[in-house]
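Colleague: What follows is each chain in one-letter form.
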Amino acid sequence: MSVVTLTINDKLVSAPRTATLLDAIQDQGIDVPTLCHLKGLSERGGCRLCVVEVEGSPRLAASCVTPVAEGMVIRTHTEKIIKYRRQMIELLLAERNHVCAVCVQNGNCELQTLAAKLGVTSVRYDYICPDLPMDASHERFVMDHNRCVLCGRCNRVCDEVEGAHTLDMAGRGIHSKVIAGMNQPWGTSRSCTSCGKCVQVCPTGALFKKGSTAAEMKKQHDFLLWILDGREKKIWRWS
Amino acid sequence: MPEASPKKDAGNGKPAADPRYKGIDRVLKRQQYKQDALIEVLTAAQEAFGYLPEEVMIYIARQLKLPFSWVYGVATFYHFFSLKPQGKHNAIVCLGTACYVGRANEIVDAISKEFNVDPGQTTPDGELTLTTTRCLGCCGLAPVVVFENQVLGKESPDTTVDKIRSVLSGAAPAATGATRVEQEEPLPA
Amino acid sequence: MAQSELDRQKQFRCRMLVCASTPCISSGALAVEEALKKAVEAEGLQTEIETVATGCLGPCSRGPLVTVQYEGQPDVAYEGVTVEIAPFLLAKHAKGLLVPELDNKAIPADWPFFAKQKKLVLAESGTVDPEKLESYVARGGYSALGQTLREMTPEEVCNEMVKSGLRGRGGAGFPTGLKWNMVRKAPGERKYVVANGDEGDPGAYMDRTLMESDPHRVLEGMAIAGFAVGADQGYIYVRGEYPLAAKRLEKAIRQAERKGLLGSRILDSNFNFRIDIRMGAGAFVCGEETALMQSIMGRRGQPVPRPPYPANRGLWGGPTLINNVETFGNITTIITKGATFYAAYGTEKSKGAKIFALAGKVNNTGLIEVTIGITLREIVFDIGGGIRGGRPFKAAQTGGPSGGCIPSEYLVTPIDYETLQRLGSIMGSGGLIVMDDQSCMPDVAKFFMEFCMDESCGKCGPCRGGTVQMHRILGKITNGSATMEDLSKLEELCIMVKETSLCGLGMTAPNPIYSTLRYFRDEYEAHIRDHHCPAGVCQFTEKPLRIAVA
Amino acid sequence: MATSTSSKPRLATVWLGGCAGCHMSLLDLDERIVDVLNLVDLVYSPIADIKHFPEGVDVTLVEGSVCNEENLHLARELRKKSKLVVAFGDCAVTGNVPMMRNRLKLEGIISAVYTEPFYREGPGPVPQPESGAIPALLPKVVPLHGVIPVDVFLPGCPPSPDRIWAAINAILSGGPIELPVEMRTFG
Numbered sequence: 019m020s021v022v023t024l025t026i027n028d029k030l031v032s033a034p035r036t037a038t039l040l041d042a043i044q045d046q047g048i049d050v051p052t053l054c055h056l057k058g059l060s061e062r063g064g065c066r067l068c069v070v071e072v073e074g075s076p077r078l079a080a081s082c083v084t085p086v087a088e089g090m091v092i093r094t095h096t097e098k099i100i101k102y103r104r105q106m107i108e109l110l111l112a113e114r115n116h117v118c119a120v121c122v123q124n125g126n127c128e129l130q131t132l133a134a135k136l137g138v139t140s141v142r143y144d145y146i147c148p149d150l151p152m153d154a155s156h157e158r159f160v161m162d163h164n165r166c167v168l169c170g171r172c173n174r175v176c177d178e179v180e181g182a183h184t185l186d187m188a189g190r191g192i193h194s195k196v197i198a199g200m201n202q203p204w205g206t207s208r209s210c211t212s213c214g215k216c217v218q219v220c221p222t223g224a225l226f227k228k229g230s231t232a233a234e235m236k237k238q239h240d241f242l243l244w245i246l247d248g249r250e251k252k253i254w255r256w257s
Numbered sequence: 021m022p023e024a025s026p027k028k029d030a031g032n033g034k035p036a037a038d039p040r041y042k043g044i045d046r047v048l049k050r051q052q053y054k055q056d057a058l059i060e061v062l063t064a065a066q067e068a069f070g071y072l073p074e075e076v077m078i079y080i081a082r083q084l085k086l087p088f089s090w091v092y093g094v095a096t097f098y099h100f101f102s103l104k105p106q107g108k109h110n111a112i113v114c115l116g117t118a119c120y121v122g123r124a125n126e127i128v129d130a131i132s133k134e135f136n137v138d139p140g141q142t143t144p145d146g147e148l149t150l151t152t153t154r155c156l157g158c159c160g161l162a163p164v165v166v167f168e169n170q171v172l173g174k175e176s177p178d179t180t181v182d183k184i185r186s187v188l189s190g191a192a193p194a195a196t197g198a199t200r201v202e203q204e205e206p207l208p209a
Numbered sequence: 188m189a190q191s192e193l194d195r196q197k198q199f200r201c202r203m204l205v206c207a208s209t210p211c212i213s214s215g216a217l218a219v220e221e222a223l224k225k226a227v228e229a230e231g232l233q234t235e236i237e238t239v240a241t242g243c244l245g246p247c248s249r250g251p252l253v254t255v256q257y258e259g260q261p262d263v264a265y266e267g268v269t270v271e272i273a274p275f276l277l278a279k280h281a282k283g284l285l286v287p288e289l290d291n292k293a294i295p296a297d298w299p300f301f302a303k304q305k306k307l308v309l310a311e312s313g314t315v316d317p318e319k320l321e322s323y324v325a326r327g328g329y330s331a332l333g334q335t336l337r338e339m340t341p342e343e344v345c346n347e348m349v350k351s352g353l354r355g356r357g358g359a360g361f362p363t364g365l366k367w368n369m370v371r372k373a374p375g376e377r378k379y380v381v382a383n384g385d386e387g388d389p390g391a392y393m394d395r396t397l398m399e400s401d402p403h404r405v406l407e408g409m410a411i412a413g414f415a416v417g418a419d420q421g422y423i424y425v426r427g428e429y430p431l432a433a434k435r436l437e438k439a440i441r442q443a444e445r446k447g448l449l450g451s452r453i454l455d456s457n458f459n460f461r462i463d464i465r466m467g468a469g470a471f472v473c474g475e476e477t478a479l480m481q482s483i484m485g486r487r488g489q490p491v492p493r494p495p496y497p498a499n500r501g502l503w504g505g506p507t508l509i510n511n512v513e514t515f516g517n518i519t520t521i522i523t524k525g526a527t528f529y530a531a532y533g534t535e536k537s538k539g540a541k542i543f544a545l546a547g548k549v550n551n552t553g554l555i556e557v558t559i560g561i562t563l564r565e566i567v568f569d570i571g572g573g574i575r576g577g578r579p580f581k582a583a584q585t586g587g588p589s590g591g592c593i594p595s596e597y598l599v600t601p602i603d604y605e606t607l608q609r610l611g612s613i614m615g616s617g618g619l620i621v622m623d624d625q626s627c628m629p630d631v632a633k634f635f636m637e638f639c640m641d642e643s644c645g646k647c648g649p650c651r652g653g654t655v656q657m658h659r660i661l662g663k664i665t666n667g668s669a670t671m672e673d674l675s676k677l678e679e680l681c682i683m684v685k686e687t688s689l690c691g692l693g694m695t696a697p698n699p700i701y702s703t704l705r706y707f708r709d710e711y712e713a714h715i716r717d718h719h720c721p722a723g724v725c726q727f728t729e730k731p732l733r734i735a736v737a
Numbered sequence: 099m100a101t102s103t104s105s106k107p108r109l110a111t112v113w114l115g116g117c118a119g120c121h122m123s124l125l126d127l128d129e130r131i132v133d134v135l136n137l138v139d140l141v142y143s144p145i146a147d148i149k150h151f152p153e154g155v156d157v158t159l160v161e162g163s164v165c166n167e168e169n170l171h172l173a174r175e176l177r178k179k180s181k182l183v184v185a186f187g188d189c190a191v192t193g194n195v196p197m198m199r200n201r202l203k204l205e206g207i208i209s210a211v212y213t214e215p216f217y218r219e220g221p222g223p224v225p226q227p228e229s230g231a232i233p234a235l236l237p238k239v240v241p242l243h244g245v246i247p248v249d250v251f252l253p254g255c256p257p258s259p260d261r262i263w264a265a266i267n268a269i270l271s272g273g274p275i276e277l278p279v280e281m282r283t284f285g
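Protein chains in written order, with my numbering: chain A, 19 to 257; chain B, 21 to 209; chain C, 188 to 737; chain D, 99 to 285.
If you are wondering where the hints come from, they were derived from the structure by calculation, not from laboratory data. The structure displayed is predicted, hence computed values, not measured ones. Among these hints, one or two may not hold up.
Said to hold, decoys possible - Label-pair restraints from in silico Cβ distances:
#1 B/Y71 x C/N666: 30 to 38 Å
#2 A/P76 x D/A146: 56 to 64 Å
#3 A/W244 x D/A146: 35 to 43 Å
#4 B/P73 x C/K438: 26 to 34 Å
#5 A/R77 x C/N666: 32 to 40 Å
#6 C/R445 x B/P73: 35 to 43 Å
#7 B/P73 x A/R77: 37 to 45 Å
#8 C/Q198 x B/P73: 49 to 57 Å
#9 A/E97 x D/H171: 33 to 41 Å
#10 A/R77 x C/T527: 34 to 42 Å
#11 A/K227 x B/Y71: 48 to 56 Å
Said to hold, decoys possible - Counterexamples of contact, computed for chain C against chain B with all Cβ distances above 10 Å:
#12 K224
#13 K282
#14 S482
#15 S595
#16 E686
#17 A713
As the list claims (entries may be wrong) - Subject to a maximum C-alpha distance of 30 Å in a straight line, what follows is the list of computed BS3-like cross-link-like pairs (lysine-lysine):
#18 B/K54 x C/K438
#19 C/K676 x A/K98
#20 C/K305 x B/K174
#21 B/K174 x C/K303
#22 B/K49 x C/K303
#23 C/K685 x B/K49
#24 A/K135 x C/K305
Every residue, glycine too, gets a C-beta built ideally from N, C-alpha and C.
Just chain A, with the same shape it has in the complex (with noise of 0.2 Å):
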């Protein structure tokens, strides 16, 4: 495999050239906070929290989307992208009804974690405070817009992984909304086949189980890999 050097942190280092610069970033051990990407499904590059610096270009990277390249010079954690990085998680949490306390996925929630990694204590912008409804038609889930971050995971896992489709996204802007099918109750869409893999990939309290309260639903997606090997390296065999 051929491979690349490039400097991360003051640091040489080197990377598969097929990497992107979060795995790079992620391999020297370096914590790059990212809400969007989910090793296993396709990159959306949207929630712009991964973004770098790039030494000689006069935009920053998204490192998830960014392939490597020899001798690029990367610098992970400037004052500046701390920054900027706060205040993305802060229109986040303002776009949205993040109450964390009465959330299915209080103390679970990357959306929640990450705030309190970042140093993020309060939010200084607006609370938009949108009147989104929840889908609750499902029989074993339930789709609760006001926690959603517009992350995409859903969509792709059920477009990439489980090949339904059920999931996509609706409206755009600060309207974009997740949807099933023709934007019907989602028990009520025939393709879904209630995998239940949206509802595990889902950073924040938008997707969980029926039944969970407040603080209960804890989420796994170590699936992912395990389904996606065993696919296309034919790892899993029995016979």
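Using the hints provided, position chains B, C and D relative to the given structure of chain A.
Modeller: Same frame as chain A, now just chains B, C and D:
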């Protein structure tokens, strides 16, 4: 919100003899049922029906073999598509920069107040839809309003409201210098 | 074909050219054309006088415009022609009668609006009949395509573009030749050429005018590009609000295909090139190239991260050349007149002429084409005829929602890509809105931010949430409930959204705020501190909820 | 307590629109509450019967979000009279549960609570704000920093006694108030 009935997933949703499906079928055929023609097909549907009824979107999804949520997602992304029926008359106020600088928002407010309809909405009696748009490219004539498919230039709140009122009350549209905008001709199959 | 059309035109002693682009049509141009035709018929002069519906002439606010070309006389253009006075044109020119009603309607030949312009792309738009291929060919149309196919290699075409110094007219000003070479060299079985006609900037309509007025010029430019980069399929993406442009392009494509100027084996060469029209459906973000490609492929018009760049992986994975419609409009001029001719216009780094849509508080609004490097003063005061009502000039807004405002102290600066950027604005697609002292800068910034908020696709967080928050803060500033802290929050947001957004929409969305803050900060502060709107636009109905730091 | 003239820092705690859970959590400091009271003078608090917010307060812990005119008035007053203001708990920091009414129309909220069939057995007729019986609701609930500058944010619903203890210690020792990651999560 569509009602919670699973039956709409079944069947192909096309009433046996609704002539309005013909326009859709023609575009489908011309585009050889290619999935990337979705926007063209939705445009044809919007023209035929005046909006995109759910069963029409289901029909299109089935014809193009696309997931429902995909079709719905595309239909709601673009401002041209409306999922609600439009009013019998449509007043479009341009809110491009030149029109804005010419205080076109006062025209919107005036119509809104006079006919009790919010921008983007239709009056309850289905008579008038008030829409705003971003630049019709007639900046030299700002502020511009399109009503009954006529581009009206150099409007003011009073003149616009008067024109709309006279049409809604059944009188003929007030004679202005304006002429009908040419409509897009149906493309040959 | 060119000859036969010229012969046909020669039969007429007089041609009456009626501008039939959207603004003139809405001023009643079609009725005027009808009236003229009737008058000609009534006089029995059908064989001597031809009435032609042409493309745009420029001064849109003065429409309907009619140009009379009479054998042996200088051409005269008339403004504000009505159905009533249209027959007088005949009386004056064909019969030589004195018609006082027309005297003040005639536009003097040395009117600065025309005299100060340099028309390269719009050269023919006021004389050709956009619905007739013959009319275009008679004016030398498609000779550039023939010349390329016969005499040039793709490499030579690309190099000619490099030499001409032409830069993308969509806004960013990327060198066109460089882009063509990138696509030409990119490996890929199928390549595509896309003309970006999704002109979404409010206040800009040069692309629409070009497509409506001279559609064949755009098609020819695309075909030459297709030859140069090795593509056999082109798409022209027309904004949904432009049905007339789409109709005329569609007609033009069919005419060209019938004559073997598009399609298979063009002009008996081995070059095949098809062009299809794709209609936009109302999304400003689709002017961004990756979003535009998504839309062409029938998807939600959300941008995708670059790299890979379209030049390497674009439509259906193939290398794709995307240029603005106006850029394609320049190609034929460069081929027929040569790169050196073209490069003689403009400045050191920005060559040629640029079309601007001049609007706002100037006396003469309309479409103008000027050499790059002209000063703002010349545009506003000479071509534009000064500010309406003699009020003072305050600022000119260029580049639409991605651009900024230029205050009066820079009236003398030559306009090109670099200076505009340095002043905190951009060339953009060429909208130029002039504002007087009755325009409120925070209010204008709010207007543009509302636009960006509505048009944000929602994919990336900074743009989706940032535009909403910036709009809120501007709303507070203009209604009186903001504090000075809000102003610093606004500035911080501007920088963050600009630097972290996924695509050009988000990266440039803060520009209108940023540039107005730069030049008109005192106006913002007057709003916040004194609840005073110097322009008298804002109504201060609210009070700040938060008290200031003790 | 309030009349003490000692040189100990003067502490106030305020209860705006919240459930009092944060104050409960404060009391949950158990025996550490005695330590706290040894370190400070408690000059105003819902757990002490003092009518007016005093002058010259060093530290004020504010629980709850700003929901009505009275909250707004008190918040402004305490800001004027306090050196350091702490947004105490999620309602003060983020708006939290009280803010969930922001998506509803203001009209009808009070009558929904007092008279709608579901609650009919509740308090009775709708009190009119004009009568002075209840303070008028603000159009939107806002977190504390929406109306006054806040110096320290102590999130949590409620903040655990350990968090409170850590924060109070940091404040009283005059050091920088930098809580560890696990002590600054919302919720």
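Colleague: Could you work out which earlier hints the structure fails to respect and list their numbers in ascending sequence?
Modeller: 3, 11, 14, 22, 23 and 24
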